[in-house]
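Participant: So the chains spell out like this:
Protein chains: 6
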Amino acid sequence: MRPSGRSQDTMREVRIEMDYTKHAKGSVLISVGDTRVLCTCSVEDKVPPFLNHTNQGWITAEYGMLPAATHSRSAREAARGKQTGRTVEIQRLIGRSLRSIVNPSLLGTRTFLIDCDVIQADGGTRTASITGGFLALCSAIVKLMDKKLLPVSPLLDCVAATSVGMINGAACLDLDYREDSRAEVDMNLVMTGAGRYVEIQGTGEKGAFGEEQLQEMKQLGQVGIRRLIEIQRSILEARGELEHLFPRPPQ
Amino acid sequence: MRPSGRSQDTMREVRIEMDYTKHAKGSVLISVGDTRVLCTCSVEDKVPPFLNHTNQGWITAEYGMLPAATHSRSAREAARGKQTGRTVEIQRLIGRSLRSIVNPSLLGTRTFLIDCDVIQADGGTRTASITGGFLALCSAIVKLMDKKLLPVSPLLDCVAATSVGMINGAACLDLDYREDSRAEVDMNLVMTGAGRYVEIQGTGEKGAFGEEQLQEMKQLGQVGIRRLIEIQRSILEARGELEHLFPRPPQ
Amino acid sequence: MRPSGRSQDTMREVRIEMDYTKHAKGSVLISVGDTRVLCTCSVEDKVPPFLNHTNQGWITAEYGMLPAATHSRSAREAARGKQTGRTVEIQRLIGRSLRSIVNPSLLGTRTFLIDCDVIQADGGTRTASITGGFLALCSAIVKLMDKKLLPVSPLLDCVAATSVGMINGAACLDLDYREDSRAEVDMNLVMTGAGRYVEIQGTGEKGAFGEEQLQEMKQLGQVGIRRLIEIQRSILEARGELEHLFPRPPQ
Amino acid sequence: MRPSGRSQDTMREVRIEMDYTKHAKGSVLISVGDTRVLCTCSVEDKVPPFLNHTNQGWITAEYGMLPAATHSRSAREAARGKQTGRTVEIQRLIGRSLRSIVNPSLLGTRTFLIDCDVIQADGGTRTASITGGFLALCSAIVKLMDKKLLPVSPLLDCVAATSVGMINGAACLDLDYREDSRAEVDMNLVMTGAGRYVEIQGTGEKGAFGEEQLQEMKQLGQVGIRRLIEIQRSILEARGELEHLFPRPPQ
Amino acid sequence: MRPSGRSQDTMREVRIEMDYTKHAKGSVLISVGDTRVLCTCSVEDKVPPFLNHTNQGWITAEYGMLPAATHSRSAREAARGKQTGRTVEIQRLIGRSLRSIVNPSLLGTRTFLIDCDVIQADGGTRTASITGGFLALCSAIVKLMDKKLLPVSPLLDCVAATSVGMINGAACLDLDYREDSRAEVDMNLVMTGAGRYVEIQGTGEKGAFGEEQLQEMKQLGQVGIRRLIEIQRSILEARGELEHLFPRPPQ
Amino acid sequence: MRPSGRSQDTMREVRIEMDYTKHAKGSVLISVGDTRVLCTCSVEDKVPPFLNHTNQGWITAEYGMLPAATHSRSAREAARGKQTGRTVEIQRLIGRSLRSIVNPSLLGTRTFLIDCDVIQADGGTRTASITGGFLALCSAIVKLMDKKLLPVSPLLDCVAATSVGMINGAACLDLDYREDSRAEVDMNLVMTGAGRYVEIQGTGEKGAFGEEQLQEMKQLGQVGIRRLIEIQRSILEARGELEHLFPRPPQ
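Chains as they are written, first to last, in the numbering used here: chain A, 517 to 767; chain B, 517 to 767; chain C, 517 to 767; chain D, 517 to 767; chain E, 517 to 767; chain F, 517 to 767.
Keep in mind that the hints were calculated from the coordinates and are not lab data.
Warning: the hint list may mix true and false statements.
Identical copies go unnamed one by one, so any copy, or any two together, can satisfy a pair.
As a list, the in silico DSS-like pairs of lysine-lysine whose alpha-carbon atoms are at most 25 angstroms apart [stated by the list, open to error]: (1) K734 x K562; (2) K598 x K663; (3) K722 x K598; (4) K562 x K722; (5) K722 x K734; (6) K663 x K538; (7) K598 x K659; (8) K538 x K664; (9) K659 x K734; (10) K664 x K598.
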């Protein structure tokens with residue numbers, strides 16, 4: 517029924533490779549089907565001017581696509597001399613999402629900079645960036661805690677994201693590129709481990725949509741988010757970092 | 517209870533001045549409380565390259581704020597040499613919203629460019645831009661129909677937008693600047709006259725939010741949208757343009 | 517005789533709305549015929565680097581046109597990523613003109629930033645910006661004096677500007693767009709209340725012009741300036757600010 | 517009396533070296549005292565879009581200063597990534613001035629691009645650019661006429677420019693840098709061989725100026741212009757080009 | 517002796533993963549020690565303007581580093597709005613190197629765009645880009661030949677690159693980052709399978725160097741290049757593409 | 517045999533005019549045949565951030581071409597808003613070359629900025645910039661020593677540069693533009709007075725080149741460099757500056 521042949525509530529295979537590169541404090545290669553995003557977390561000992569003298573830290577994100585990551589090559593933003601509106605919109609979303617699950621007062625006077633670079637794109641790069649970026653942030657926090665630079669974990673919960681869409685009138689979970697370009701409605705959900713919303717963005721790409729469709733998509737998205745959070749937790753657990761990061765069970 | 521003293525479901529006064537300037541095909545000054553946005557619609561006889569040879573038209577938007585429109589003066593984007601991420605995000609939203617209620621095959625090979633320039637900002641500039649931009653688009657369409665340049669109206673429905681937020685745990689309609697900066701959750705709703713969603717964007721500005729809050733905000737937003745659509749319709753009716761634009765009753 | 521039907525020495529109607537917006541220290545909407553410019557004055561407690569340690573203040577201006585302000589829409593400078601040469605030339609002229617009638621040593625260590633944004637253009641936007649910008653500056657100075665932030669008025673005189681041109685060999689005062697685009701010679705005059713020159717710029721748009729024409733245009737321009745200064749004074753007087761700003765009668 | 521020791525109506529020595537470089541159609545090194553500007557004229561067989569299908573040609577100018585041309589090195593505009601407002605203002609003035617003495621219908625479908633690059637700056641670079649740029653334009657026109665690419669000379673007259681200023685209350689001709697930075701009033705005059713005005717720009721740098729001063733400066737400037745035009749003519753005559761360019765005696 | 521502990525003529529381990537991503541015509545992940553570069557080859561059916569009407573194709577390259585690829589994070593060029601001088605210099609070198617081993621008349625009217633994106637940097641990113649970029653180009657050519665879009669192989673030879681440097685007076689092959697930053701002399705060699713030079717760049721980073729050192733470095737570099745060419749050939753052979761690409765044995 | 521008619525080892529005439537302009541600390545107009553470059557040295561009392569607190573000075577270079585310097589006019593980089601890759605590559609080479617012959621610890625906390633502006637281009641502008649830039653640097657150093665701002669000369673040796681190329685299989689010294697555009701191989705050599713290499717860059721412009729050609733070109737280049745260094749020394753000697761700058765005989 518779906519172009520991908522998957523059933524409505526089937527996500528693509530998620531693979532996560534921790535410590536993919538060595539220089540950044542955290543580095544995660546996340547693959548969701550054919551979408552592959554390298555998420556790294558670098559840490560700087562300063563904060564943006566508006567946080568000076570507040571004792572709060574900051575989390576921000578930058579997003580990019582390698583030119584050959586897309587079906588037909590897209591222009592290199594560095595060569596064009598500016599980032600597209602889409603890029604700016606996405607990196608703002610990633611930053612907001614990751615800030616939502618930390619206590620900024622516990623970050624120290626630091627900026628955690630999440631770089632999300634798309635190696636290969638097949639739909640859902642922004643949601644993969646959030647899901648992978650969370651793990652890169654975790655890695656960096658663990659390193660700082662190990663070095664006693666952070667006394668306690670600033671994390672309040674996990675966070676993950678997925679997309680849902682209406683295709684031929686049916687709600688479908690985790691759209692790939694071909695599905696995304698045909699979807700009537702496109703929704704991105706960012707949610708916490710506790711099942712609370714961080715961001716809900718639903719857009720009628722081909723006309724408007726009704727209340728019933730909204731409910732259907734939301735529920736399907738929640739199914740996806742729960743699976744992603746499970747994957748995140750099992751990775752952190754396997755590395756022995758889950759309890760370290762969430763001394764109290766994550767909500 | 518609210519900083520503004522309004523009750524939870526009270527919108528600010530909406531004033532609309534049609535034909536505010538004379539050069540653009542459509543020109544609307546919309547005021548929502550102290551927020552004032554000049555929305556104009558200019559028409560060009562060409563379409564972006566990706567629509568060449570499709571017989572479809574295009575609607576796009578640009579957004580700007582006069583430097584002195586904000587509480588403390590903000591830098592002039594033209595002088596800085598680039599638009600902020602916020603500006604780009606907003607103008608993409610306005611364009612998407614207005615495209616959702618037209619049949620692009622009926623626009624002719626034309627681009628309708630909606631300029632939304634904020635004269636004075638007090639919260640809700642993007643939603644006012646959508647609500648006012650729709651009327652500017654209507655004006656331009658009427659002018660083209662009068663000149664027989666458009667044989668039938670390309671409009672499918674009205675569209676309007678408002679914001680809702682959680683303040684001290686209570687859902688509040690149509691936030692002003694002071695309220696917006698204190699809100700725990702911020703939601704923008706874009707909906708059609710038929711009560712269907714074009715865009716729903718909910719963001720936890722201070723942590724995540726639950727299902728119940730989402731429902732509460734949605735319902736409050738729908739109340740606001742309905743009032744705005746009524747205002748739009750009554751203006752179009754008073755100008756004798758409503759039936760012209762929607763020969764069949766808008767859905 | 518003139519395209520506008522006005523006699524040679526007739527200016528367009530001048531309307532001035534003080535306190536048009538609320539955030540800036542001074543805010544004036546000036547209309548000269550169909551030309552409408554919003555002039556605001558914002559105040560910052562710092563000066564450009566070259567004035568550091570001089571105990572002098574600074575006045576500067578920025579100028580912009582809303583894209584739909586012109587007969588056919590002009591590109592948004594913020595989107596193009598730079599200001600045109602025309603914009604830069606005009607904002608330098610406005611800044612120079614307003615600096616000419618203040619004592620910089622009495623401004624305090626402050627920058628008065630005059631924003632002139634053209635809402636609707638029909639010729640003479642730069643001269644309207646100077647005439648209106650002066651009143652925005654006055655408003656800001658009055659506010660600072662009321663708050664005891666300025667002990668005495670830094671103003672030395674009023675300043676206003678108008679245009680003159682040769683059309684079909686006849687000198688005409690205050691050209692509108694249609695006239696301006698046909699004029700053989702275009703002259704802008706900036707003068708003080710005392711009838712002294714701040715700036716005189718005459719340009720042969722279609723070949724050169726002779727001494728006699730220069731004299732004729734100058735005299736006509738002086739007629740216009742005197743009327744504008746009268747309007748400025750009567751507005752300040754009606755607001756009870758004239759004596760405050762010019763404790764000694766303005767020269 | 518003057519900082520330079522010159523009498524009020526004494527210009528600096530003017531030296532002109534024709535054919536200074538070999539690639540451009542016209543190339544002139546003009547020195548006015550220590551100010552040295554290389555003016556070249558390149559010719560392209562196309563016109564700006566707004567002249568398409570008009571059978572008219574165009575003359576435009578670009579201006580630049582070598583970084584080390586000024587007393588203290590100024591930043592390289594190419595490295596800063598943009599031209600200053602001053603640069604843009606000057607190149608617009610040069611273009612306007614040179615367009616004023618040609619018949620555009622006789623230029624062919626061509627753009628004459630005048631590059632004025634300041635090798636050494638000591639005041640009056642914009643006026644030297646106009647005076648020298650005219651000769652570079654003449655050289656290019658002669659070359660095109662020699663090749664039968666232009667049937668008749670498009671020139672209507674000569675054009676030259678100089679500066680005048682008020683220093684310590686006395687009108688002085690042709691200010692050098694030290695004088696310019698002290699002048700109370702600064703005036704640039706662009707005039708034709710027939711003694712007609714192309715451009716008159718007077719600016720009160722330190723307050724306003726009166727009618728009498730304006731007259732004094734104008735007369736002094738005219739003295740300077742007449743000498744510059746004589747120099748231009750004698751150079752063209754010595755090269756045997758004067759009659760070629762002005763078959764009827766220049767007006 | 518060397519900081520890396522390697523002997524003077526020992527290269528780091530080279531690993532090559534062909535078809536690393538799926539959208540580009542060619543895609544190669546090359547690792548030289550800890551340096552990892554993703555090289556892709558995209559093909560466009562057009563050539564730069566200067567090749568119009570020549571029946572020749574073009575090969576060009578773009579180079580970038582992921583921000584977190586370096587020891588301490590480097591600024592994202594897309595966000596800064598321009599490419600650094602180093603980036604531009606490197607991508608010009610890669611393009612020149614790859615153009616040197618093709619017959620441009622056999623490329624068709626096409627541009628082969630090689631993107632080299634550094635995933636992790638540890639010295640030698642530009643030489644790895646050339647060595648890997650050649651294989652990406654081979655992949656793309658094979659694909660075009662398979663589709664009969666290229667009748668014969670345009671390749672003349674293989675090309676590879678390595679670095680050599682003087683460290684504490686000793687010539688060392690294939691510097692890593694730590695070695696590179698201490699080297700007295702830094703040399704990059706680009707050579708063909710036939711042992712001919714495409715590019716030789718030697719730079720005295722800490723003073724000049726003598727003839728003897730030049731010879732020593734050259735010989736060491738040739739050793740490295742030969743090994744890299746062997747690796748390239750064995751990969752192409754294993755894929756059954758070597759004879760296809762070089763029907764006559766590569767020179 | 518050569519397009520220029522010169523024998524293989526004949527350089528073009530080199531003329532050097534010291535103190536060509538007056539504002540910079542050093543100013544040299546170097547002509548190599550028809551190539552003319554103005555090299556100036558300005559001195560600033562600060563260093564780039566990465567040298568703060570090191571007691572070392574810095575030498576850097578900027579390069580530009582006047583638009584009309586080339587055979588057909590090239591676009592003004594300041595107007596395009598950015599420097600080309602070629603410009604950036606050249607100015608990096610000039611800076612590296614001049615840094616190679618100074619002891620940075622003896623420069624004081626200063627930046628010596630070498631501006632190389634091409635007045636007329638006929639091949640070899642980058643090598644002329646290095647040869648001339650060295651003399652501009654010398655001039656500036658002498659001035660600082662004369663003012664006792666530098667206690668001892670920071671110079672270690674002279675430095676000069678030339679180009680060599682293979683044309684029709686023959687190595688030729690000092691290519692002009694016509695030769696350069698036909699050369700099979702292009703090599704730039706930067707060498708010190710002691711005959712040591714600072715930079716060697718050989719590029720196969722039309723395919724690769726062999727060892728024998730490399731040797732031939734190197735030897736020819738060395739001949740050229742020796743002549744240039746002689747010219748530099750005789751100029752410095754004639755000005756009585758040679759011993760001042762090199763109290764011990766330059767190596």
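Participant: Each of the hints needs a verdict: does it hold here or not?
Facilitator: Hints versus structure:
{"no.": "1", "hint": "K734 x K562", "in the structure": "neither (38 angstroms within a copy, 39 angstroms between copies)"}
{"no.": "2", "hint": "K598 x K663", "in the structure": "neither (38 angstroms within a copy, 36 angstroms between copies)"}
{"no.": "3", "hint": "K722 x K598", "in the structure": "neither (29 angstroms within a copy, 30 angstroms between copies)"}
{"no.": "4", "hint": "K562 x K722", "in the structure": "between (44 angstroms within a copy, 22 angstroms between copies)"}
{"no.": "5", "hint": "K722 x K734", "in the structure": "both (19 angstroms within a copy, 21 angstroms between copies)"}
{"no.": "6", "hint": "K663 x K538", "in the structure": "within (17 angstroms within a copy, 40 angstroms between copies)"}
{"no.": "7", "hint": "K598 x K659", "in the structure": "neither (33 angstroms within a copy, 33 angstroms between copies)"}
{"no.": "8", "hint": "K538 x K664", "in the structure": "within (20 angstroms within a copy, 43 angstroms between copies)"}
{"no.": "9", "hint": "K659 x K734", "in the structure": "neither (35 angstroms within a copy, 41 angstroms between copies)"}
{"no.": "10", "hint": "K664 x K598", "in the structure": "neither (39 angstroms within a copy, 38 angstroms between copies)"}
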